[in-house]
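For chain X, the structure is supplied; the task is to place chain E on it using the hints.
Given next are the chains, with one letter for each unit.
Number of protein chains: 2
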Amino acid sequence: MPLSLLMAAKGKKEKWDSFKGRTCFKGFQQSQMAQWNRSGYFRSSGSRDVNPDLEAERQTASFSVERLTAILDGGADNTRTRRAVEAVIHSEPGFSRENQYFQSQNERYEAAVRRSVYLKEKMHQMGWTEDGPEIMYCYRALGGDLAFNIHRVFKNSILALGTDEQIAKWIPLADKYHIIGTYAQTELGHGTFLRGLETTAIFDISTQEFTLNTPKISAMKWWPGDLGRSATHAVVFAQLYIKGKCYGLHAFILQIRSLHDHSPAPGVIVGDIGPKMNFEHIDNGYLMLQNINIPRENMLSRFSQVLPDGTYVKRGSDKINYLTMIMTRVHMLWIEVIPMLLKACTIATRYSVVRRQSKLNPGDPEAKILDYQTQQQKLLPLLATAYAFHFMNAYVNEFYNKGYTEIKQENFDSLPELHALTAGIKAIITEHCTAGAEICLRACGGHGYSALSGLPLLYTKLAASCTYEGENTVLFLQTARFLVKCLAAVHSGQPIPPSAAYLSSVDSGKCQARTKMDFLKPDIYAEAYRQRATRLLGNAATKLQGLVQSGAEQHEAWNQCTVQLMQAAKAHCHYIVVKNFIDTVEKLRNEAEIQKIVKHLCDLFALHGIFSNMGDFLHAGYISGDQMDMVTASYLDLLAVIRNDAVPLVDAFDFTDESLNSALGSYDGHVYQRLYEWAQKSPTNKQMSQAYARYLKPLFQSALSKL
Amino acid sequence: MPLSLLMAAKGKKEKWDSFKGRTCFKGFQQSQMAQWNRSGYFRSSGSRDVNPDLEAERQTASFSVERLTAILDGGADNTRTRRAVEAVIHSEPGFSRENQYFQSQNERYEAAVRRSVYLKEKMHQMGWTEDGPEIMYCYRALGGDLAFNIHRVFKNSILALGTDEQIAKWIPLADKYHIIGTYAQTELGHGTFLRGLETTAIFDISTQEFTLNTPKISAMKWWPGDLGRSATHAVVFAQLYIKGKCYGLHAFILQIRSLHDHSPAPGVIVGDIGPKMNFEHIDNGYLMLQNINIPRENMLSRFSQVLPDGTYVKRGSDKINYLTMIMTRVHMLWIEVIPMLLKACTIATRYSVVRRQSKLNPGDPEAKILDYQTQQQKLLPLLATAYAFHFMNAYVNEFYNKGYTEIKQENFDSLPELHALTAGIKAIITEHCTAGAEICLRACGGHGYSALSGLPLLYTKLAASCTYEGENTVLFLQTARFLVKCLAAVHSGQPIPPSAAYLSSVDSGKCQARTKMDFLKPDIYAEAYRQRATRLLGNAATKLQGLVQSGAEQHEAWNQCTVQLMQAAKAHCHYIVVKNFIDTVEKLRNEAEIQKIVKHLCDLFALHGIFSNMGDFLHAGYISGDQMDMVTASYLDLLAVIRNDAVPLVDAFDFTDESLNSALGSYDGHVYQRLYEWAQKSPTNKQMSQAYARYLKPLFQSALSKL
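Heads up: the protein sequence lines correspond to chains X and E, in order.
In this text, residue positions in the first sequence follow this note's numbering: the first is 35, and each later residue adds one.
In this text, residue positions in the second sequence follow this note's numbering: the first is 35, and each later residue adds one.
Just chain X, with the same shape it has in the complex (with noise of 0.2 Å):
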């Protein structure tokens, strides 16, 4: 019973002296609920019926949603599968999320550990391996709120860096949380800049040790994930010293946390940074070294050793090491940041077809909000551009596959491109899907700011998507300076990587549209994409080299040049992301139904490109004035048509309302119910606040003789 329940049932016995109306209170909450549902107002979100509002919507659907589901997920078979594992994980309590959006950072960390032990065991039980596919929809069903997420890039090092007797050493004991491993590499003064690392391990050949140490408050580890409270263990990064000579950046491994009772090592410092904007599930944490010396075969040693007598050995090429970082970029891609759009357009667009206000016409009922223009134009193509990601995502995974069995031969032919690919991929993407999830948010109005919508905590977690892994302007660059190489290549006739191949294409002259339904034919916006994207590099490799000619330096012509490669950086992305659009529409050929509705969508996502960038398109004249008042035009047709299957789009995501966790995005469309019922689980509503005894109460008390 709510605080207010009590509070009311108690006044009723008071004498309301202090009141002058009459009161009616006849056991007011139930009666009144009653009477709502009996009336319809009010059902409890318990039951199975759908607000009519939103089943109206999935009558009209042009396509199977059933078999566009199956599609998104690979194949009807995957899609079973997970339905399974999500079955299986929203029967356990112990991977609840319920409450979820009460707790306090203590409480997040501690429910997040929960689940990610009881997933070890459930994983185990259910024989679903490490490797297999069910651990992606465990984290689907979880909504990624689960801890040891550095544990496993501790252990991804370990099998990159380390020495076979390493990797049997270490890895079972990861592998069953015997201990927690941290990737202690980012520090309080260093990020992006690895070179600037300042934790030192200084080899004394007298004791065959390295002795670890934090010099500067600068050089403090900060921000790894699984420190603060978790880790036993830590990969250290470090700079080499041996005799007093510098071999730059190493990987140590050591322990931080005592295994009998979880105390610091002697030496070691450590804690949790404290309140972020969000990841409060994440124990984010500090190191600091005082002299940790640590035996020989503690520093990873597959690529390079340090031997007995103090000599420095180097074997091989640790390029491979990139690959852990690219794996990294696009594991998280698919399983965190691409889902959380989907997630805020389902929400946002079931919300916006049970919302009505305002009346679109003076006779009619209040307007579902999804039929205004300005409300369509915000989600529509976000739900356009969440395809567009989710195909993306199959695209960048194939080249990564492909790029990783030859790097594994030692072929690293395709490492550049691999690099420059998933760097700029992973910045237009968490870009874009931050910048979404803020307008779903928005276009809920005051609802979509309540925690109790799902979707501050989607904004949140996504804004931090923009920097972990790699923050987003760096990789932009990177890949810009990927660009500027082969567009020299180009000019020297030397062979092209073949994301950028688009670039020895000749000059198209002018665009060939001439009505609003030529906007339509993907030849047309594709080619614009590309003229675009070829045209901003050329102008900044033009400024840059124009710069170079006229006595700059190399580095202060490119940091001249950055705002300007950034543009075509972010162009050749949004090109490629277009362009495999493109491609899988063409896929769908036997699909008639959802091809038609999947390339409606691939219009929208590359005209609203268009449209949203008018300047770039219009600069040099490829598209004239006249032109782009026809994209507009087909631009705003587009909304109109997919409107109608907007409802239908978003639940072939299918994700399930625990999965949701949304007080507006539920499949059945009971949003003010569920406002109020969640709220009444509210801490706020749980106790009396301090406040009024201890603030309010003594002023009152001088009202009474006044009413």
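For the record, the hints were derived by calculation from the structure and aren't laboratory data.
Quick caveat: nothing in here was measured; it's all calculated off a predicted structure.
Please note that the accuracy of each hint is not assured.
A pair holds if it fits inside one copy or across any two, identical chains being indistinguishable in the list.
[Said to hold, decoys possible] Okay, derived cross-link-like pairs now, BS3-like style, lysine-lysine, Cα gap no bigger than 25 Å in a straight line:
#, residue 1, residue 2
1, 740, 203
2, 250, 715
3, 402, 412
4, 577, 550
5, 613, 715
6, 154, 731
7, 402, 250
Just chain E now, kept in the frame of chain X:
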């Protein structure tokens, strides 16, 4: 002593049989900190010395920071008053916001109530009045983290809509916080469209009472501030019924909680709506009413009254009520919204000269991140925007005061313009401030994402401002509707309100700029903005007219043009802000140094706007592609110029460290020390997590035998 240290001390005595390395623990932290201190790496944040990287920025200011501060304050006298008020506020522990980032929703609410009650006492004690200048400075010093904001709206609504008797009865009680009121307008299912509100108030002649009811769940009052846990009274908006006839929305005052013990009044269900993305210091609440009877005199009756026999009497025009809404918007921009962008700029700019990362030139030390063009591009246009909005605010206030005087004299002629201007300006300012705070947050990398940076709080508060006091899309469209009327007036030769007078200027052909220097001429860029605003409005209006002429219903035609009408409204507001910035620069003619730097900011604001909205200016060929390249060049040149004064320009905002409440943004620039020291205070470092004992300990024990 933080947990980690306690544990480390404990660990000293432990037999580290599972830990292979030898250790060397000698009062680590104390000695380490002392050593860092001597070497200058670690300074207590209490010391008064300034980080040399920040200090250096202040040595080269091109202008007097103190003078600019005085100008921003509206005179050196105001600066003195402000600083005196801030000194009082910061000296009282009762006002402290320390530990704010670690508090739960309950704790933040309680602290806000505490500060508000203390503030009332302090104002009385100091002789500061409700309409004096000090209260604004108190708000500024406290970052708006106060309760009872809606109590002020409650009061204002009684002052605007109440009779003299009603004012005499309620206002003295409200003034002293002897009652706390809320303004219960928004309902769970109804926001913007007031006519759609569903709460009913039925007049019963026999009892001379109104009976108030919440007939459906969607009619529940939802969101009103101060309602969830504080309010004793409410102004409730309900549909008035007399003898079965609906007379529309009216305001009623009723008691909702006991003044004895704070229990809800009989028939009242009231509570808190739970966690939000922020605003946890405010108890936004819900309210259901069943058969609440209140006497006839509890309807606010300045403009309409129900006589004892049920006769409904309307008196004068209640248009004056719009003023309350307009005043609230003007007030929020000044007190809440714009200062948050100024703070975000201060934090991010100071951090960007303290943070060093990567090398600009191979031989140099790592560069300050503000020396990167991409960082300049993120922050410096925002700094220009902060100045633009600060100056815009002065204009809006003047405009409002003039309108207010006229309207008080029952001359409502300026009301439509005042409404349209404040609506659009509220929308454009909240939009840009929100986006700006997000850019600042992300420009500080991972540390920006830490709650301790202060930036997440600024962002999430600003995000709310896009929705409250008028949802921005709705507001822009109201401005657009006004502009369409103005355009019609131009065509029919009617007089045009001053803020839209530019619509009647003759077409100026093409942009006259021939070099990049020409784009530093205010006439040149102002005309470009004017041309853009006129063109976008003209196009939207033409489309609208065309649709109506070809038979579309007026409402449907309007809906189909809203995307373009929004663009037109934004372009209009953008032009007004640019124009006002230009006028402000002109007025600084007696302040040569300051005029020079403010002129740079004005140029940057204008050129960044063209650069970022290129398509709008290129579309009709007003600016050519070649000219756009000049804009880009001038824009990038300006970044390098303003970069040199960036820190003095944020210093001039003159925020105290207490008001900024940021580990990254303090005046002394000791960011790493503060992050470390503040993290120690986090509850995550104050207790051993249950997660260890419950879930991890059993697992870790298994490793002991294997290591």
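Okay, the hints, checked on the actual structure:
1. In this assembly of identical chains, residue 740 and residue 203 lie within 25 Å of each other by CA distance solely across copies; the values are 9 Å between and 79 Å within a copy.
2. For the identical chains of this complex, residue 250 and residue 715 are inter-copy neighbours only, at 21 Å across copies versus 46 Å inside a copy, given an alpha-carbon limit of 25 Å.
3. For the homomeric pair residue 402 and residue 412, the shortest alpha-carbon distance inside one copy (15 Å) is at most 25 Å, but the shortest distance between copies (38 Å) is not.
4. In this assembly of identical chains, the alpha carbons of residue 577 and residue 550 lie at most 25 Å apart only when taken from different copies (16 Å versus 35 Å within one copy).
5. In this assembly of identical chains, the alpha carbons of residue 613 and residue 715 never lie at most 25 Å apart, being 48 Å within a copy and 51 Å across copies at closest.
6. Taking the shortest alpha-carbon separations for residue 154 and residue 731, only the inter-copy value of 15 Å comes in at or below 25 Å, while the best intra-copy value is 52 Å.
7. In this assembly of identical chains, the alpha carbons of residue 402 and residue 250 lie at most 25 Å apart only when taken from different copies (18 Å versus 59 Å within one copy).
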